[in-house]
Amino acid sequence: MKSSNNKKHLLTGNEAAAEAAILAGCRHYYGYPITPQNELINHMSIRMPQVGGTFLQAESEIAAIYMAYGGAAAGARVMTSSSGPGISLMQEGISYLAGSELPCVIVNVQRGGPGLGDISPSQADYFQAVKGGGHGDYHNIVLAPASAQEIADLVYDAFDLADRYRNPVMILGDAQLGQMMEPVEFRKTPRTHQTVKRWALTGAEGRARNIVKSFYPVKGELETFNIRLQRKYRAVEQEEVRYEEVNTQGAEIILVAYGTCARICKEAIRRASGTGLQIGLLRPITLWPFPKEPLRRLAKKARAFCVVEMSAGQMVEDVRLAVLDRCPVHFYGRMGGGVPSSREILKKVLNILAPEGTLELEIPEIPTELGKGLYFSTIP
Amino acid sequence: MARVSIAVGLCKGCELCIPFCPHDSLTMSRHLNEHGLPTVYFKEDHPCSGCKYCAVMCPEAAIEIFK
Amino acid sequence: MQALYSAPETLIRTPSHYCPGCGHGIAHRLLAEIIDELGIRGKTIGLAPVGCSVLAYNYLDIDMCEAAHGRPPAIATGIKRVHPDNIVFTYQGDGDLAAIGMAEIVHAASRAENITVIFINNAIYGMTNGQLAPTTLLNQRTTTTPEGRDPLTHGYPIRICELLATLEGASFLARTSLSSPKDVSQTKEALKKGFKTQIEKKGFSLIEVLSPCPVYWRMSPVESLKFIEEKMTQTFPLGVFKDWEKTVSAPGGQATKV
Chain A
1 MKSSNNKKHL
11 LTGNEAAAEA
21 AILAGCRHYY
31 GYPITPQNEL
41 INHMSIRMPQ
51 VGGTFLQAES
61 EIAAIYMAYG
71 GAAAGARVMT
81 SSSGPGISLM
91 QEGISYLAGS
101 ELPCVIVNVQ
111 RGGPGLGDIS
121 PSQADYFQAV
131 KGGGHGDYHN
141 IVLAPASAQE
151 IADLVYDAFD
161 LADRYRNPVM
171 ILGDAQLGQM
181 MEPVEFRKTP
191 RTHQTVKRWA
201 LTGAEGRARN
211 IVKSFYPVKG
221 ELETFNIRLQ
231 RKYRAVEQEE
241 VRYEEVNTQG
251 AEIILVAYGT
261 CARICKEAIR
271 RASGTGLQIG
281 LLRPITLWPF
291 PKEPLRRLAK
301 KARAFCVVEM
311 SAGQMVEDVR
321 LAVLDRCPVH
331 FYGRMGGGVP
341 SSREILKKVL
351 NILAPEGTLE
361 LEIPEIPTEL
371 GKGLYFSTIP
Chain B
1001 MARVSIAVGL
1011 CKGCELCIPF
1021 CPHDSLTMSR
1031 HLNEHGLPTV
1041 YFKEDHPCSG
1051 CKYCAVMCPE
1061 AAIEIFK
Chain C
2001 MQALYSAPET
2011 LIRTPSHYCP
2021 GCGHGIAHRL
2031 LAEIIDELGI
2041 RGKTIGLAPV
2051 GCSVLAYNYL
2061 DIDMCEAAHG
2071 RPPAIATGIK
2081 RVHPDNIVFT
2091 YQGDGDLAAI
2101 GMAEIVHAAS
2111 RAENITVIFI
2121 NNAIYGMTNG
2131 QLAPTTLLNQ
2141 RTTTTPEGRD
2151 PLTHGYPIRI
2161 CELLATLEGA
2171 SFLARTSLSS
2181 PKDVSQTKEA
2191 LKKGFKTQIE
2201 KKGFSLIEVL
2211 SPCPVYWRMS
2221 PVESLKFIEE
2231 KMTQTFPLGV
2241 FKDWEKTVSA
2251 PGGQATKV
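Chains as they are written, first to last, in the working numbering: chain A, 1 to 380; chain B, 1001 to 1067; chain C, 2001 to 2258.
A few of these clues could be false.
Cross-link-like lysine-lysine pairs, in silico, DSSO-like; alpha carbons within 30 Å at most [what the hints assert, rightly or not]:
no.: 1; chain 1: C; residue 1: K2192; chain 2: C; residue 2: K2202
no.: 2; chain 1: C; residue 1: K2231; chain 2: B; residue 2: K1052
no.: 3; chain 1: C; residue 1: K2201; chain 2: B; residue 2: K1052
no.: 4; chain 1: C; residue 1: K2182; chain 2: B; residue 2: K1043
no.: 5; chain 1: A; residue 1: K213; chain 2: C; residue 2: K2226
no.: 6; chain 1: B; residue 1: K1067; chain 2: B; residue 2: K1043
no.: 7; chain 1: A; residue 1: K197; chain 2: C; residue 2: K2226
no.: 8; chain 1: C; residue 1: K2192; chain 2: C; residue 2: K2226
no.: 9; chain 1: A; residue 1: K197; chain 2: A; residue 2: K301
no.: 10; chain 1: B; residue 1: K1067; chain 2: C; residue 2: K2182
no.: 11; chain 1: C; residue 1: K2043; chain 2: C; residue 2: K2231
no.: 12; chain 1: B; residue 1: K1052; chain 2: C; residue 2: K2193
no.: 13; chain 1: C; residue 1: K2226; chain 2: B; residue 2: K1052
no.: 14; chain 1: B; residue 1: K1052; chain 2: C; residue 2: K2196
no.: 15; chain 1: A; residue 1: K213; chain 2: C; residue 2: K2231
no.: 16; chain 1: A; residue 1: K197; chain 2: C; residue 2: K2182
no.: 17; chain 1: A; residue 1: K232; chain 2: A; residue 2: K197
Residues of chain C clear of chain B, computed beta-carbon distances all greater than 10 Å [said to hold, decoys possible]:
no.: 18; residue: D2036
no.: 19; residue: L2138
no.: 20; residue: N2139
no.: 21; residue: H2154
no.: 22; residue: V2222
Have a look at the derived ranges for each label pair, beta carbon to beta carbon [unchecked claim]:
no.: 23; chain 1: A; residue 1: L116; chain 2: C; residue 2: E2200; range: 52 to 62 Å
no.: 24; chain 1: C; residue 1: P2146; chain 2: B; residue 2: Y1041; range: 35 to 45 Å
no.: 25; chain 1: A; residue 1: T195; chain 2: C; residue 2: M2219; range: 38 to 48 Å
no.: 26; chain 1: B; residue 1: P1022; chain 2: C; residue 2: E2168; range: 43 to 53 Å
no.: 27; chain 1: C; residue 1: G2155; chain 2: A; residue 2: K347; range: 35 to 45 Å
no.: 28; chain 1: C; residue 1: T2153; chain 2: A; residue 2: M335; range: 49 to 59 Å
no.: 29; chain 1: A; residue 1: V196; chain 2: B; residue 2: P1047; range: 28 to 38 Å
Just so you know, the hints here were simulated from the structure itself, not pulled from any lab data.
Treat the numbers as computed from the prediction; the structure is a model and nothing was measured.
Each residue gets a CB set at the ideal place from its N, CA and C atoms; glycine is no exception.
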């Protein structure tokens, strides 16, 4: 791919992430092979030399995250990527990135766990992405795309957010989003804002020295630092919440789902249209900061929420924390590589509305016209 | 003849400088510095050839040599 | 009055946190002297490890980065790839480099990463109260080998210079000591050669420095210098193990011209 702007490309989500990073000005990528993110590292190995950047296959995910740490400390836009087991290894480095306030973009193409698990789509890394999977009080900014196009768009934003807040940003995809090919149009002019990094390590010529560190051994210093860090997180929560609402006006049941599951929920909504069932969807685009306020607003009108995840129930905890007891929160999840179908979701909705099984619905078959109604037409 | 200058506030009294002085001109003081640590001092009227061995061995960069 | 010896400008002269007689202070001073002499203060970036020298940035007036335990070579790689014309060094202890960070150091050397590594080998974990290090001598008592290091339980000491000398990517490898003024001067020469290796873009350089830890060796600072000379150098022979300028053989090392 030579000139990647301004036309449609058929790309896997992984390749879209890599190409968007290059367009966003990232010239330093460090990674380690792991399925299902291999298209990303492969693409980087071809493209980085073409644009005069650094591609380096590290000896481990641990080394990869710290090479990224070094590049970030040196003031460059850096990216690394992996999947669940590799992200687990990176968690120490991610904590250090947050503690040293370094901007870095990390792509997690989730696979099934725990342990070696499998290489199928999963959303079971929500906790380790959103709650701060490493040690200490910190947050990643976590973006959850739902298509290859949105991966490309959010990668631009990820670099800006990382720079603006000097904080790691994680793109949380999954095996399906990473490996599925879709048309992608890269923004003609990426809306990226590279900031001047006066804190970066460049050599202290003509200025006072810079120190990049997360170590505060003098009593009281670390608490002061943490208070400042938390203030930054409150600002992120104020400014950066993103979500999409579908059909929520007058909906009895609000589905809450992100990424691949959100796409399937949209299909469920379409299949239920005309049946009288009023189903809406709230799709968090930022998983942290989490869209609590919109959920609280919807909780005043909806009869119930149903959270759909490819996990045993992780995001559902945040939904419950957001709405408290204002509205019942149900959960439908598949684990270990299982992907819920729209039929399963609709059955769950019927079960919520009439637990005794009195409500039945003729669920229409999936329209054969693929690509018209089933897939996103409204990517932001 | 050279002269040894010891920054007493930096000295921790480790004595690494003492055995390397070819003129046996360094010894421990009975006085503690402001951090409560014993310190080394240059014996009055002892010679210094400016070999710098004491400064080379000092872990605290407490010793400087002048001529 | 003329100064025959004055503290280097790059060294921040402040009471250090090191124990009396600790070799880190000497090594820091040598580094500062070399940075001054080569005139590279404005373009040098240093990495401090986890261990006693975690606060090295308090004493060197240059851009510095603290690193997670064992990871300085990976971080240095990231920095060097962004600023290839800056001088990047890591300063690491034996636990940091030869235990938890073994993968990072081996692979940085194998990539011929153009960085300089200062490896302080004092055969013990000083920061955490004197536990077994990968370089602890056989029969040496530590807080986790109270009866002395038994190779059947804890294995043998690891010789980093000899190990890395098998890699084509390593350009300059030397082991020196801090046990006498002459050894300190040789250490300085070796460190300077390491920086020269990097400045001339000749690839990976590592200087292993046998350094005293009197407190956790349970001896006086002066005795600790004798321990280096008489005991440590038996297991860790001094010498140049690899030199891109010439082919050099040393005990245990494998000489290869790069």
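Against the structure, the hints come out as follows:
1. K2192/C to K2202/C: 14 Å, holds
2. K2231/C to K1052/B: 27 Å, holds
3. K2201/C to K1052/B: 33 Å, violated
4. K2182/C to K1043/B: With a Cα-Cα distance of about 24 Å, the restraint between K2182/C and K1043/B holds, given a limit of 30 Å.
5. K213/A to K2226/C: 36 Å, violated
6. K1067/B to K1043/B: Measuring from Cα to Cα gives roughly 17 Å; hence the hint holds.
7. K197/A to K2226/C: Roughly 49 Å between the alpha carbons, so the hint for K197/A and K2226/C is violated.
8. K2192/C to K2226/C: 25 Å, holds
9. K197/A to K301/A: Violated. K197/A to K301/A sits at ~46 Å, over the 30 Å cutoff.
10. K1067/B to K2182/C: 22 Å, holds
11. K2043/C to K2231/C: 39 Å, violated
12. K1052/B to K2193/C: Judged against 30 Å, a Cα distance of about 22 Å means the pair holds.
13. K2226/C to K1052/B: 20 Å, holds
14. K1052/B to K2196/C: The hint holds at about 25 Å.
15. K213/A to K2231/C: 37 Å, violated
16. K197/A to K2182/C: Outside the cut-off at roughly 44 Å; violated.
17. K232/A to K197/A: It holds: about 17 Å lies between the C-alpha atoms, which stays within 30 Å.
18. D2036: Non-interface label stands for D2036/C: nearest chain B Cβ at 12 Å, farther than 10 Å.
19. L2138: Given a closest Cβ separation of 27 Å, the condition holds.
20. N2139: At roughly 26 Å from the nearest Cβ of chain B, N2139/C sits farther out than 10 Å, so the non-interface label holds.
21. H2154: Answer for H2154/C: holds, closest chain B Cβ roughly 29 Å.
22. V2222: 6 Å, violated
23. L116/A to E2200/C: 52 to 62 Å: Given range 52 to 62 Å: violated, Cβ gap about 45 Å.
24. P2146/C to Y1041/B: 35 to 45 Å: Between P2146/C and Y1041/B, where Cβ atoms are some 39 Å apart, the hint holds.
25. T195/A to M2219/C: 38 to 48 Å: 53 Å, violated
26. P1022/B to E2168/C: 43 to 53 Å: Taking Cβ atoms as reference, P1022/B and E2168/C lie about 45 Å apart, which means the hint holds.
27. G2155/C to K347/A: 35 to 45 Å: 59 Å, violated
28. T2153/C to M335/A: 49 to 59 Å: 42 Å, violated
29. V196/A to P1047/B: 28 to 38 Å: Since the Cβ atoms of V196/A and P1047/B sit about 58 Å apart, the hinted range of 28 to 38 Å is violated.
When held up to the earlier numbered hints, the structure conflicts with 3, 5, 7, 9, 11, 15, 16, 22, 23, 25, 27, 28 and 29 and fits the remainder.
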